[in-house]
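Add chain G to chain L, keeping to what the hints say.
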Amino acid sequence: MGDLSAPTRTVALDGNEAGFATTKFEALLNWARKYSLFQYPFVTACCGMEFMSVASPRFDVARFGAEAPRFSPRQADLLWVVGTISQRQAPVLRRIHSQMADPKWVLAFGTCASSGGFYDNYTTVPGIDKIIPCDVYIPGCPPRPEAVLDGLLLLQDKIARGDRTPRILKPREDPLTLVQLGHKKKDPS
Amino acid sequence: MSQAVLDALKARFGDAILETHSDFGDDTAVVAPEKWKEIGEFLRKDLEFDLPVDLCGVDYLGRLPRMEVVMHLYSIARRHRIRIKARVGDADMNQAELDSLTSIWPGMNWLEREVYDMSGVVFRGHPDLRRLLMYPEFEGHPLRKDYPANKTQPLVPYRTEEEAGITLEKQPPFGPDEGMSFPRQVWQRPEEN
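Taken in order, these protein sequences are the chains called L and G.
So for the first sequence, this note's numbering puts the first residue at 1; every next one is plus one.
So for the second sequence, this note's numbering puts the first residue at 1; every next one is plus one.
Keep in mind that the hints are not guaranteed to be accurate.
[Claimed, not checked] Listed next, the stretches of chain L that the computed footprint assigns to chain G, with coverage defined by at least 3 CB atoms under 8 Å from CB atoms of chain G:
(1) 86 to 93
(2) 109 to 122
[As the list claims (entries may be wrong)] Pairwise CB distance ranges (calculated):
(3) V70(G) to S98(L): 37 to 45 Å
(4) E146(L) to P154(G): 32 to 40 Å
(5) E162(G) to A160(L): 52 to 60 Å
(6) P106(G) to R164(L): 48 to 56 Å
Calculated from the structure, these hints are not laboratory results.
Every value quoted in this text rests on a predicted model; they were computed, and no experiment measured them.
Beta carbons are placed, not taken as given, at the ideal position from N, Cα and C, and that holds for glycine.
Okay, chain L solo, but in the shape it has when bound (with noise of 0.2 Å):
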């Protein structure tokens, strides 16, 4: 299998009848692991109703292979931490995730999840990584369903680049940005 950190390229051929692919093994991994992440719901305010509304079909999260709640820690995979986390309940919080087994990732939900929002004082959690490490924080108070979405797929990139860094340090590319800097060229039409 060679060397499995350094970067994966996945080729696809085309045979006769079935064609087939070549691939690293931990490319799979992380490609089967993408799209199949089974959520636990930690929703303990208003941005539940963003969140019912994601996995409602209108936006339907399930289009991205996260649509399967689990609501036992150890089935889960993603900590969707949706809302205001109180000083009460931070240990909670911090127990539900170290139940969660390895691989596991973390999205912060709205404003209050990743920075306590306007609730500075002595009821809340100034953001959920001050208790337990976080992978994407999306922000809104509550966030759009695109914007959530758009932070899932944020969080399907980094695994499928195998990163395990606290957080997103690149921004997704904006095409209108790049070309701008003239690193794209415009679309001829």
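The following block gives chain G in isolation, referenced to the frame of chain L:
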């Protein structure tokens, strides 16, 4: 609306009704704290106030007595409402005590626990006077004006930056002031003359 209630209170308790006013349709009586329970019984039995709407504590730091406990009552039977206030506590919140009204309105149980939790008013005779909202490890009473606005008491120790691998402090352009033109307002205890 409830001027009759104020009149009945004044007729019955006289000097124990310290002041009354009726602003914007809200009738209020400030009562002597010693008569708190007696007045409650009178309101419940004679004037049929059967619904305790709310109970809360208001901290007037620098004023004596310092804490004002406000009770809102409504009568479903007679459709009138009243607001009762009692002022308790010295500058250090000693003697901030009132009689519990749980024997009159069972619904007062959690309301009194909340006021005890947030403001530190002790209700004598309460069957189960514990914190309601904050956790038992919490020290102090957060809605007092001298509780520091930025003081937190985390149950879980925060991760260090080495542990997290990222900066956990606020990043520019956000500082401790969140970009506001004025700093965080800090209440100072007024100097006593």
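Do the beta carbons of E146(L) and P154(G) sit within 32 to 40 Å of each other?
Given a distance of about 34 Å, which is inside 32 to 40 Å, the answer is holds.
Please check whether the region 86 to 93 of chain L has three or more residues whose CB lies within less than 8 Å of a CB on chain G.
holds (count 4)
Can you let me know if the beta-carbon spacing of E162(G) and A160(L) is within 52 to 60 Å?
28 Å, violated
Please check whether V70(G) and S98(L) have a Cβ separation lying inside 37 to 45 Å.
44 Å, holds
- prompt: Taking the beta carbons of P106(G) and R164(L), is their distance inside 48 to 56 Å?
  reply: 54 Å, holds
Per the coverage rule (Cβ-Cβ under 8 Å, at least three residues), is the region 109 to 122 of chain L covered by chain G?
-> As far as the region 109 to 122 of chain L goes, the hint holds, because 3 residues have Cβ atoms under 8 Å from chain G.
Violation of the numbered hints given earlier is confined to hint 5; every other hint is satisfied by the structure.
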